[in-house]
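Chemist: Here is how the chains run, residue by residue.
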Amino acid sequence: MTEQLFVHGAEWTVKELFCYPNEFIYWSIQIVMYPYMTGLVAGAFVLSSLYHVFGQNDIKDMARFSLVFSLALLPVATMPLLMHLQQPLRAMEPLFTPHFTSAIAAFGIVFSTYAFIVLSEIWFVYRKYFVEQVAALKDQAGIGNAIKCRLYRILTIGAYDISDEAVAKDHRAVKILAGIGIPVACFLHGYAGFIFGSVKANALWMSPLMPVIFIMSAVVSGIALCMLTYIIIMEWQKFWAGRKSSATAEQIAGAEIDMITKTSKYLLGFLIAAITLELLDLIFRGYTAMKSWDILRSVMYGKDFLNIFVLQYGLGNLVPFILLLMPRLTIRRAFVALCLVLFGVFMMRWNVVIGGQAFSLSFAGYMHYHLPIIPHNLETYKEGLFGALTVAATPFVLFWAINKVVPSLKSTN
Amino acid sequence: MSCSRRNFLKTALSGSIAASLPLTMFRFLSPAQVQAATESKSDTRWGFLVDTTKCVGCGFCVKACKLENEVPYDAPVTRTWVERYVVTKDGKTHIDSPKGGRDGFVARHEDEDPNAEITKAFFVPKLCNQCENPACVQVCPVGATFQTGDGVVLVDRTWCIGCGYCVMACPYGVRFFHPEHKVAEKCTFCYHRISKGMKTACVQACPFGAREIGNLKDPNDPVTKTIMTERVAVLKDEYGTKPQVFYIGLDTNVR
Chain A
1 MTEQLFVHGA
11 EWTVKELFCY
21 PNEFIYWSIQ
31 IVMYPYMTGL
41 VAGAFVLSSL
51 YHVFGQNDIK
61 DMARFSLVFS
71 LALLPVATMP
81 LLMHLQQPLR
91 AMEPLFTPHF
101 TSAIAAFGIV
111 FSTYAFIVLS
121 EIWFVYRKYF
131 VEQVAALKDQ
141 AGIGNAIKCR
151 LYRILTIGAY
161 DISDEAVAKD
171 HRAVKILAGI
181 GIPVACFLHG
191 YAGFIFGSVK
201 ANALWMSPLM
211 PVIFIMSAVV
221 SGIALCMLTY
231 IIIMEWQKFW
241 AGRKSSATAE
251 QIAGAEIDMI
261 TKTSKYLLGF
271 LIAAITLELL
281 DLIFRGYTAM
291 KSWDILRSVM
301 YGKDFLNIFV
311 LQYGLGNLVP
321 FILLLMPRLT
331 IRRAFVALCL
341 VLFGVFMMRW
351 NVVIGGQAFS
361 LSFAGYMHYH
371 LPIIPHNLET
381 YKEGLFGALT
391 VAATPFVLFW
401 AINKVVPSLK
411 STN
Chain B
1001 MSCSRRNFLK
1011 TALSGSIAAS
1021 LPLTMFRFLS
1031 PAQVQAATES
1041 KSDTRWGFLV
1051 DTTKCVGCGF
1061 CVKACKLENE
1071 VPYDAPVTRT
1081 WVERYVVTKD
1091 GKTHIDSPKG
1101 GRDGFVARHE
1111 DEDPNAEITK
1121 AFFVPKLCNQ
1131 CENPACVQVC
1141 PVGATFQTGD
1151 GVVLVDRTWC
1161 IGCGYCVMAC
1171 PYGVRFFHPE
1181 HKVAEKCTFC
1191 YHRISKGMKT
1201 ACVQACPFGA
1211 REIGNLKDPN
1221 DPVTKTIMTE
1231 RVAVLKDEYG
1241 TKPQVFYIGL
1251 DTNVR
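Note that the protein sequences, when read in sequence, are chains A and B.
Under the numbering used here, the first sequence has 142 at position 142, and the numbering climbs by one with no breaks.
Heads up: take any position in the second sequence, counting from 1, add 1000, and you land on the numbering used here.
It is worth saying that the hints were derived from the structure and are not from the lab.
Note that the Cβ used here is the ideal one computed from N, Cα and C, for glycine as well.
Errors might be hidden in some of the hints.
What the hints assert, rightly or not - Keeping only pairs whose Cα atoms sit at most 25 angstroms apart, straight-line, the calculated SDA-like set for lysine to any residue is:
{"id": "1", "chain 1": "A", "residue 1": "K303", "chain 2": "A", "residue 2": "Y366"}
{"id": "2", "chain 1": "A", "residue 1": "K60", "chain 2": "A", "residue 2": "Q237"}
{"id": "3", "chain 1": "B", "residue 1": "K1099", "chain 2": "B", "residue 2": "P1076"}
{"id": "4", "chain 1": "A", "residue 1": "K15", "chain 2": "B", "residue 2": "G1104"}
{"id": "5", "chain 1": "B", "residue 1": "K1010", "chain 2": "A", "residue 2": "A166"}
{"id": "6", "chain 1": "A", "residue 1": "K15", "chain 2": "B", "residue 2": "P1179"}
{"id": "7", "chain 1": "B", "residue 1": "K1092", "chain 2": "A", "residue 2": "D294"}
{"id": "8", "chain 1": "B", "residue 1": "K1182", "chain 2": "A", "residue 2": "L89"}
{"id": "9", "chain 1": "A", "residue 1": "K15", "chain 2": "A", "residue 2": "Y287"}
{"id": "10", "chain 1": "A", "residue 1": "K128", "chain 2": "A", "residue 2": "L89"}
{"id": "11", "chain 1": "B", "residue 1": "K1242", "chain 2": "A", "residue 2": "P208"}
{"id": "12", "chain 1": "A", "residue 1": "K291", "chain 2": "B", "residue 2": "K1120"}
{"id": "13", "chain 1": "B", "residue 1": "K1242", "chain 2": "B", "residue 2": "Y1191"}
{"id": "14", "chain 1": "A", "residue 1": "K175", "chain 2": "A", "residue 2": "S163"}
{"id": "15", "chain 1": "A", "residue 1": "K175", "chain 2": "B", "residue 2": "K1010"}
{"id": "16", "chain 1": "A", "residue 1": "K15", "chain 2": "B", "residue 2": "V1086"}
{"id": "17", "chain 1": "B", "residue 1": "K1242", "chain 2": "B", "residue 2": "G1173"}
To be verified - Computed far set for chain A versus chain B, every beta-carbon distance over 12 angstroms:
{"id": "18", "residue": "K238"}
{"id": "19", "residue": "L268"}
{"id": "20", "residue": "V336"}
{"id": "21", "residue": "C339"}
Using the sequences provided together with the hints, build the complete structure.
Modeler: Shown next as structure tokens:
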């Protein structure tokens, strides 16, 4: 009976009543992580574009930070897919044999377009900085400085002109790229919603609203993560600066509550849009009461009630909504609210992906998902808690490395 | 210097665009168009007929299928299976398919009241419907699953990336991951047999003639005749997949 172990999905699926024999929870935690990470990428980019395109000067520092952070998140969006594939070595095939009827096949095209836009935008934002670094490091001794100088030289791609005219051109390019980037970022994530929304076999997923809901919650989670990381880093610097005598005024200042308050306004706007659409979807399903509604209702109002209404809508949406709206916002309150927002969006992805597989295609049975925690083989690592944590931790490691080259946290004033 | 670099970059960019243009100018052909252009139209369309009134739930078909198609015998996945429906007087429907019905059905269904009066009970064999408009083929990101000219949907084991999108897209739950090959797996109507003029393993194993396979394009084929002249039904036609497995005696309780 050892061969039973190798049936994908059997490890973490418990069936109740009648499910077809081949039904398991095939799309597990990594497919929860995939839209979550893509959403963070898209959201971080949209936040940075609010400044570059619409000239929202109040979030200038945040915009630069979130742009670099979205680059750190970018490669991580592909990680869950790689960990989920049964044949990860064939991961490049969708790029070689594009199949225009499949939503997944678009991933390579959309993703590379988006990566190109983010990279070139960062280049235009930091070009002047690269040139200045080359000039500063040129005459300094030491192998480290030589390597750094070489790196910055490569990064300038030979464009050393930093006259006012040239820099103004850079700014214009950034504005254009950010402008193109918004629809592309929305498309990147909207299409992740389309992957689910177009599965006609799945009663919970199939909805034309799915891509829009995904975009809205993506922006919410992206803004929340950028704000949260910004608060943590700034407060961390403040904490360390307090111990050193050489600290600058800027380090002691910590996170600016003004900026947090202003950014949270955008967050609330997108949050309202996301919740409205989700509730519309729910009400519409209940009102039309198609064949699948009986089982959907028993899942939503019964088995998954805690996940959907308590954790997602209650703790993840309503509580932070009130916390952020209450007057005299403090950094500490914003911190709690942002953590809850991120949790709420994660629960939304969970309830879509896992919730969509919580009932049988026969509408006569249920499937329960048990997240593998302690891995005992590669599969239970990849599609278990530790696989998900690996994915969640990677962007911060990448950001640390990228931020060494393109510092995004220094104030521009 | 900077001017010549600019020119170089400009020329390189326009050159590469020009080089890639002829490729994109070709019309994108659908797989069906390619087939129509390269192959003569097939005079075969495989279809299946299940007479549920004849099925006794012995499970020989499931056994034969697992052995013929090398699906690990004890793994809880199967290309074909048999469901048992027991409707009791209180209006409840009890459905089960232990091990896909491989070892037959003995005891009464576990969630069924042993004293409840049974009003009707029957078996329904299931297999891939080889849909005319297959959702699984539509969603495959690499074209590893495809429809042959004679209507059977197959999986290329050497090209499938194992994303599971086809598994999710099938409304009938016939797809799964092969425990050894780690790629999508499904009923092929025993394509290796039918293309050589043999019957499928399940059809051959069925002692009661509940399963039959035939060519729907041949009006003289007994299966085609039955489908044309008798009252037959298909499973879940609301998904628009146009399934090609036809059932005699299908009940409203069948899922």
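Chemist: Each hint should be assessed against the structure and marked as holding or not.
Modeler: Each hint, compared with the structure:
1. K303/A with Y366/A: holds, 9 angstroms
2. K60/A with Q237/A: Between K60/A and Q237/A the Cα gap is close to 19 angstroms, so the pair holds against 25 angstroms.
3. K1099/B with P1076/B: Given that 25 angstroms is the threshold and the Cα spacing comes to 6 angstroms, the pair holds.
4. K15/A with G1104/B: With a Cα-Cα distance of about 20 angstroms, the restraint between K15/A and G1104/B holds, given a limit of 25 angstroms.
5. K1010/B with A166/A: With a Cα-Cα distance of about 18 angstroms, the restraint between K1010/B and A166/A holds, given a limit of 25 angstroms.
6. K15/A with P1179/B: holds, 19 angstroms
7. K1092/B with D294/A: holds, 15 angstroms
8. K1182/B with L89/A: holds, 12 angstroms
9. K15/A with Y287/A: Given pair K15/A, Y287/A is violated - Cα atoms ~29 angstroms apart, limit 25 angstroms.
10. K128/A with L89/A: With Cα atoms ~40 angstroms apart, K128/A and L89/A exceed 25 angstroms; violated.
11. K1242/B with P208/A: holds, 23 angstroms
12. K291/A with K1120/B: holds, 23 angstroms
13. K1242/B with Y1191/B: Given that 25 angstroms is the threshold and the Cα spacing comes to 20 angstroms, the pair holds.
14. K175/A with S163/A: Satisfied, since the Cα-Cα distance of roughly 19 angstroms is no more than 25 angstroms.
15. K175/A with K1010/B: Roughly 22 angstroms between the alpha carbons, so the hint for K175/A and K1010/B holds.
16. K15/A with V1086/B: holds, 19 angstroms
17. K1242/B with G1173/B: Given pair K1242/B, G1173/B holds - Cα atoms ~15 angstroms apart, limit 25 angstroms.
18. K238: holds, 44 angstroms
19. L268: Non-interface label on L268/A holds, nearest chain B Cβ at 34 angstroms vs cutoff 12 angstroms.
20. V336: holds, 36 angstroms
21. C339: Holds, because the least Cβ-Cβ distance between C339/A and chain B comes to about 32 angstroms, which exceeds 12 angstroms.
Checked against the numbered hints above, the structure violates hints 9, 10; every other hint is satisfied.
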